[in-house]
Amino acid sequence: MLSSVKAYAPATVANVSCGFDILGFAIDAMGDTVELVLKDEPGLVVVSIEGDGGKLPLEAEKNTCAVAIQAMLDELDSNVGMNIYLTKGLPLGSGMGSSAASAVAALAAANRLLGDPFEKKDLLPFAIAAEKVACGAGHADNVAPSLLGGFVLVRDYHPLDVIKLPVPNGLYCTLLHPHYELKTADSRSVLRDQIPMKHATIQSGNVAGLIAGLYESDFELISRSLRDVIAEPYRAVLLPGFYEVREALKAAGALGMGISGSGPTLFALSRGKETAEAVGEAGKEMFSKIGLGVDVYFSEINTRGAYVIEEK
Numbered sequence: 001m002l003s004s005v006k007a008y009a010p011a012t013v014a015n016v017s018c019g020f021d022i023l024g025f026a027i028d029a030m031g032d033t034v035e036l037v038l039k040d041e042p043g044l045v046v047v048s049i050e051g052d053g054g055k056l057p058l059e060a061e062k063n064t065c066a067v068a069i070q071a072m073l074d075e076l077d078s079n080v081g082m083n084i085y086l087t088k089g090l091p092l093g094s095g096m097g098s099s100a101a102s103a104v105a106a107l108a109a110a111n112r113l114l115g116d117p118f119e120k121k122d123l124l125p126f127a128i129a130a131e132k133v134a135c136g137a138g139h140a141d142n143v144a145p146s147l148l149g150g151f152v153l154v155r156d157y158h159p160l161d162v163i164k165l166p167v168p169n170g171l172y173c174t175l176l177h178p179h180y181e182l183k184t185a186d187s188r189s190v191l192r193d194q195i196p197m198k199h200a201t202i203q204s205g206n207v208a209g210l211i212a213g214l215y216e217s218d219f220e221l222i223s224r225s226l227r228d229v230i231a232e233p234y235r236a237v238l239l240p241g242f243y244e245v246r247e248a249l250k251a252a253g254a255l256g257m258g259i260s261g262s263g264p265t266l267f268a269l270s271r272g273k274e275t276a277e278a279v280g281e282a283g284k285e286m287f288s289k290i291g292l293g294v295d296v297y298f299s300e301i302n303t304r305g306a307y308v309i310e311e312k
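Residues in the sequence shown are numbered consecutively from 1, following UniProt numbering.
Just so you know, these hints were derived from the structure itself, not from any lab. Wrong hints could be hidden among the right ones.
Okay, the calculated beta carbon distance ranges per label pair [claimed, not checked]:
1. 224 to 292: 51 to 59 Å
2. 181 to 137: 14 to 22 Å
3. 310 to 39: 15 to 23 Å
In silico DSS-like cross-links for lysine-lysine, where the CA-CA straight-line distance does not exceed 30 Å [to be verified]:
4. 312 to 273
5. 55 to 132
6. 198 to 121
7. 39 to 164
8. 198 to 164
9. 62 to 39
10. 198 to 284
11. 62 to 132
12. 132 to 183
13. 289 to 183
14. 120 to 62
15. 250 to 312
16. 289 to 273
Just so you know, even glycine gets a beta-carbon here, dropped at the ideal spot from N, CA and C.
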């Protein structure tokens, strides 16, 4: 029997413009790492968290790693004890699925440590349980791609119905993380409870077009479909220079740009590495003009999802 396992889970982009709360994809640029070590006594103990600036809770009932693992143990009717060591590779509150990556990395490690009692896709409900603690709502558009990799569609929750979508060769993502804080609660508060029928129809067409573009490797169709008429118009006012940055990125060759999750990170999809790099440079230059610092990342779409990197 293994005594310790270390696993990694990638960052994610949720919503993907038109796919509000139902689409997400994983990226290679960064992620979180969790190491689990078996202990003789029952119970989960969060021993240490690195890279969070002391902001994340060590209490097991509040920590997404421990909550996710406990949900798994409850399903197995197990009281196995584990020490948890979390290393954050993602900035907090960035819109890049930080809490999701922690929970998913913990589940990947725990599943292996316990002898792989679950298929990878069957870990998803435990990750959603952790998201409820972290975000107040059990959305799957971050945890599903972080776990499974690639593009993921969350069709429904009752019952849970998650579909992996194809990733065209050469599709890259550029992430722009500006140096300011935007709370998820603020991003949610500006949204409308009701939307016009016209906007619902446009959004449905864009979601269908984006999915068709992924299946057909049709980059022009992907570009035309990366348009959000439901959330982005209201959230854009919370993001300094949003429209100026969008125009600069499109001029640099981006297929389209949107808000990653609740923000403040922006994402852009491009065809090819060189274009993705040029898009990043254009974004950096535009944010400099606005007077904001920005961290820029670019990578291919991560199609692997979470995985074990070390076991003993």
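For each hint, the structure was consulted:
1. About 29 Å separates the C-beta atoms of residue 224 and residue 292, a value inconsistent with the hinted range of 51 to 59 Å.
2. Under the hint 14 to 22 Å, the C-beta atoms of residue 181 and residue 137, about 20 Å apart, fit the expected range.
3. Checked against the given bound of 15 to 23 Å, the beta carbons of residue 310 and residue 39, roughly 18 Å apart, stay inside it.
4. The suggested pairing of residue 312 with residue 273 is violated, with an alpha-carbon distance near 37 Å, which exceeds 30 Å.
5. As the CA atoms of residue 55 and residue 132 are separated by approximately 18 Å, the hinted pair is consistent with the 30 Å bound.
6. Between the alpha carbons of residue 198 and residue 121 the distance comes to roughly 36 Å, so the proposed pair goes past 30 Å and is violated.
7. A hinted pair counts as satisfied when its Cα atoms are at most 30 Å apart, and residue 39 with residue 164 does not qualify at roughly 36 Å.
8. A hinted pair counts as satisfied when its Cα atoms are at most 30 Å apart, and residue 198 with residue 164 qualifies at roughly 28 Å.
9. For the suggested pair residue 62 and residue 39, the alpha carbons sit about 21 Å apart, so the restraint of at most 30 Å is met.
10. Between the alpha carbons of residue 198 and residue 284 the distance comes to roughly 35 Å, so the proposed pair goes past 30 Å and is violated.
11. Using a Cα cut-off of 30 Å, the hinted pair residue 62 and residue 132 holds, with the two alpha carbons roughly 10 Å apart.
12. Between residue 132 and residue 183, the direct Cα distance comes to roughly 16 Å. Compliance with the 30 Å bound is thereby established for this hinted pair.
13. Distance check on the hinted pair: residue 289 and residue 183 sit about 24 Å apart at the alpha-carbon level, within 30 Å; holds.
14. Restraint check: the Cα-Cα separation between residue 120 and residue 62 comes to about 24 Å, which is no more than 30 Å; the hinted pair holds.
15. Using a Cα cut-off of 30 Å, the hinted pair residue 250 and residue 312 is violated, with the two alpha carbons roughly 48 Å apart.
16. About 25 Å separates the Cα atoms of residue 289 and residue 273, which keeps this hinted pair within 30 Å; it holds.
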